[in-house]
Every structure is written in C-alpha cells, then in structure tokens.
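**Student:** Listed below, chain by chain, are the residues.
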Amino acid sequence: MNEFNGEIRKMMIILSKATLENVYAAFVLANGARMEGIEAEMFFTFFGLEAIHKKKLEHLHVATVGNPAMHMPTMLGGLPGMEALATSMMKKEMEKIDMPDVHEFLDILKASGVKLWACKLAMEMFHYKKEDMYDDVDGIITVGDFYNQGQGLGTHMLFV
Amino acid sequence: MEKLIAGTTVTVNEEGYLTNFAQWNEAVGEALAAEANVVLTPRHWQVINYLQLQHKSNLPLSIRQIGKSNVVDIKEFYQLFPNGPLKISTKIAGIPKPASCL
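Quick mapping for you: the protein sequence lines, in order, are chains A and B. Counting in this note's numbering, the first sequence runs without a single skipped number right up to 145 at its last residue. Counting in this note's numbering, the second sequence runs without a single skipped number right up to 123 at its last residue.
The hints are simulated quantities; they were obtained by calculation from the structure and are not laboratory data. Given the structure is predicted, the values throughout are model-derived calculations rather than measurements. All C-beta atoms in this analysis are idealised placements derived from N, C-alpha and C, irrespective of residue type, glycine included. A couple of the hints might just be wrong.
[Unchecked claim] Label-pair ranges, simulated between beta-carbon atoms:
no., chain 1, residue 1, chain 2, residue 2, range
1, B, 22, A, 21, 19 to 29 Å
2, B, 35, A, 109, 48 to 58 Å
3, B, 80, A, 129, 45 to 55 Å
4, A, 86, B, 94, 13 to 23 Å
5, A, 46, B, 100, 31 to 41 Å
6, A, 77, B, 94, 47 to 57 Å
7, B, 79, A, 44, 50 to 60 Å
8, B, 81, A, 114, 17 to 27 Å
9, A, -7, B, 66, 38 to 48 Å
10, A, 127, B, 74, 40 to 50 Å
11, A, 76, B, 23, 29 to 39 Å
12, B, 79, A, 78, 21 to 31 Å
13, A, 121, B, 103, 16 to 26 Å
Generate the whole structure from the sequences, applying the supplied hints.
**Tutor:** Right, dumping it as structure tokens:
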C-alpha cells in the first residue's frame, strides 16, 4: 500500500445489469468519485448497455423477482405490473432525495468528466449501433481497451 | 481547533472547514483558496457568493442543485474548482462540507 499511501486515483466501474437499483448504484459511485476529485470511467456491458441505450434508458425497472430485499414473495413479484409498481414507487422516493432520472444522471456524469464506454462485444451481441446509444458515449471499446484506460497507480475496478 | 489565517484567528474542524461563518471574510477566503491551489477569479467569487447564500437559506448543496443554479453549470464548476469542486468551494466559502452523495 505504498502507492500514494493507498490513495484512490481512479475508479473503473463496470455495469453489467440494467435493473434500476444497479444502474443508480454504479452512477452514484462514479459521480461520488468525481466529487472527491477521483477520476472515473464506466464500462457498459451486457444488460448494462440499456442504461445508455436512448430508447431503453428511460424505461429501466427495479427487479421484484429474485430480490429478497424487496420483502415480497417471489410469486407475487412475478405478477403483471408488479415491476412497474415497484419502479414507480422507487422513482417517487428518489425524487424526494433529489436523485436525477437516468438521462439527467448521464448528463451530470459527462459534465463531471466521467468517461462512458460501451462494450464492443455486447454491442454486437445485442445488434446495437452507435447511434442507438446516448450521444455523449465516449466510444465503443474492447475489454482490453478498458483495462488500458485503467493503467496507472491508484486505479481500482468495480463490477456491478 | 484554532487556525491563524490572513491575520485572522478562525475555528476550523479536523478537515479544515470553518465552524463559524461569522469568522469568514474575503481575505480568509483568498487564503483558503491559496491553500487549495485555487486562484480566485470573478467567476469563482460568483459561485462562492451563491454557495454562501444557499447556506444562509439552509438549502442543501449538491452537484445537481449547482447545475440548476443558473450561476454555473457542472462542467464549469469542475473547471473552476478541480479535484472535488463541492468540497473545495465550500471550504473556501467558509461553510460546512456538504454531506451529499450527489
């Protein structure tokens, strides 16, 4: 732990999920890094790509099935409309604590200097094109490219 | 703890934030900015005045609110106070460090 006395210089955050709670967790971590003067870059892969997909990013949902913290029987969570209900309840709570919506959050991240990268492999798998994605995505890159971005002392990686 | 800065004795917490805004004046702000390696321009002062006004009105400070302030946008805020704009600007302004994650 001698490098900068263990100081964190850069956070590399990988988002692989599109459930609202995971997307927000990753966004808050990236934004929080910048607020502390730490560099931050995000890599959107697999379902995480939906968080930067223009047509999908406004329609992300909370997971009601397979999420014990919802304190809801799995059978109930699977009923039609339950995800939408849980999502609208969560969004109301988020408004109360001044949490921006996904699109505004992306704008804040960009303005704060967070780099946003889309995973090339996942883009191909889902047949997404650059123009389908949030306009200010920095590029479509490979895993190797992302690791190169994270080179240097004091870099930490986080998988969400 | 007490700290002598710009010829004034001020009380600060362990992170160096003034604990009593009444002890703040522009010379103290200038000196705190110098400690943070920030050279204050008229733009910086506009932002500092806005932060102090928000604080006086007991309004919470966050990056999002500052982006909506019509005083400065988020990008410029980061340019004016690099390396953690909210915590650095509030320290210079003599107000508490916002306990905000956003």
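**Student:** Broken hints, numbered, in rising order?
**Tutor:** 6, 7, 8, 9, 11
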